[in-house]
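Each chain is listed here by its residues.
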Amino acid sequence: DGGITQSPKYLFRKEGQNVTLSCEQNLNHDAMYWYRQDPGQGLRLIYYSQIVNDFQKGDIAEGYSVSREKKESFPLTVTSAQKNPTAFYLCASSIEARYEQYFGPGTRLTVT
Amino acid sequence: AQSVAQPEDQVNVAEGNPLTVKCTYSVSGNPYLFWYVQYPNRGLQFLLKYITGDNLVKGSYGFEAEFNKSQTSFHLKKPSALVSDSALYFCAVRDGANSGYALNFGKGTSLLVTP
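Protein chains in written order, with my numbering: chain A, 1 to 112; chain B, 1001 to 1115.
For the record, the hints were derived by calculation from the structure and aren't laboratory data.
Straight-line distance between alpha carbons at most 20 Å, and here's what the computed EDC-like set of lysine to aspartate or glutamate pairs gives: (1) A:70 / A:96; (2) B:1077 / B:1015; (3) B:1022 / B:1054; (4) B:1049 / A:96; (5) B:1107 / A:59; (6) B:1058 / A:100; (7) B:1107 / A:100; (8) B:1049 / A:100; (9) B:1049 / B:1066; (10) B:1077 / B:1054; (11) A:9 / A:24; (12) A:57 / A:96; (13) B:1107 / A:38; (14) A:9 / A:38.
The following block holds chain A by itself, in its conformation from the complex (with noise of 0.2 Å):
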């Protein structure tokens, strides 16, 4: 998990509310990438970012934002028109987009 942090470990949020998630990494990697991780379910890829200031959704975009001001960091916003928001969320780093990504440590999302 080294050089990437995952803020906060575990989020508790009633339905209706929107809740940011935060990831930051001292890598200086370029690529960024948010995963959604449910069980059985492998993990899906939310949005990607390969430059700063720019980012584009991935499979299962809707009900989420992004933005990537800094380099160093990509957060995550879970919005009320996310239907089923209770999940691990896994944010991933790599030098540049073609090579390995690293892991974070993820947070645990719980929507009641």
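Since chain A is already given, all that's left is putting chain B on it; use the hints.
What follows is chain B alone, placed relative to chain A:
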């Protein structure tokens, strides 16, 4: 789209025995394949990758993987399993430039090594 499949939800092996975790892939063009391991409530740790070259790839913690083009497989192996190897293992394939080279993951295989 590039995809991988992990046909086994769980693999059980006795400590000291060899282990194999299976992965097959479906890609257009040359595959870029990866193995990751996940311990409970933790992020994924990179184990190894195949880009090109030797079909036998060596990685972290004594793991290796064999790339087989004719069988479109990339099985993870270890000659002698440890109890501490018990974890969730993911095979992944790199997607193309139009997806930011994101990884497409299999559903994972739970490895249980018993003493």
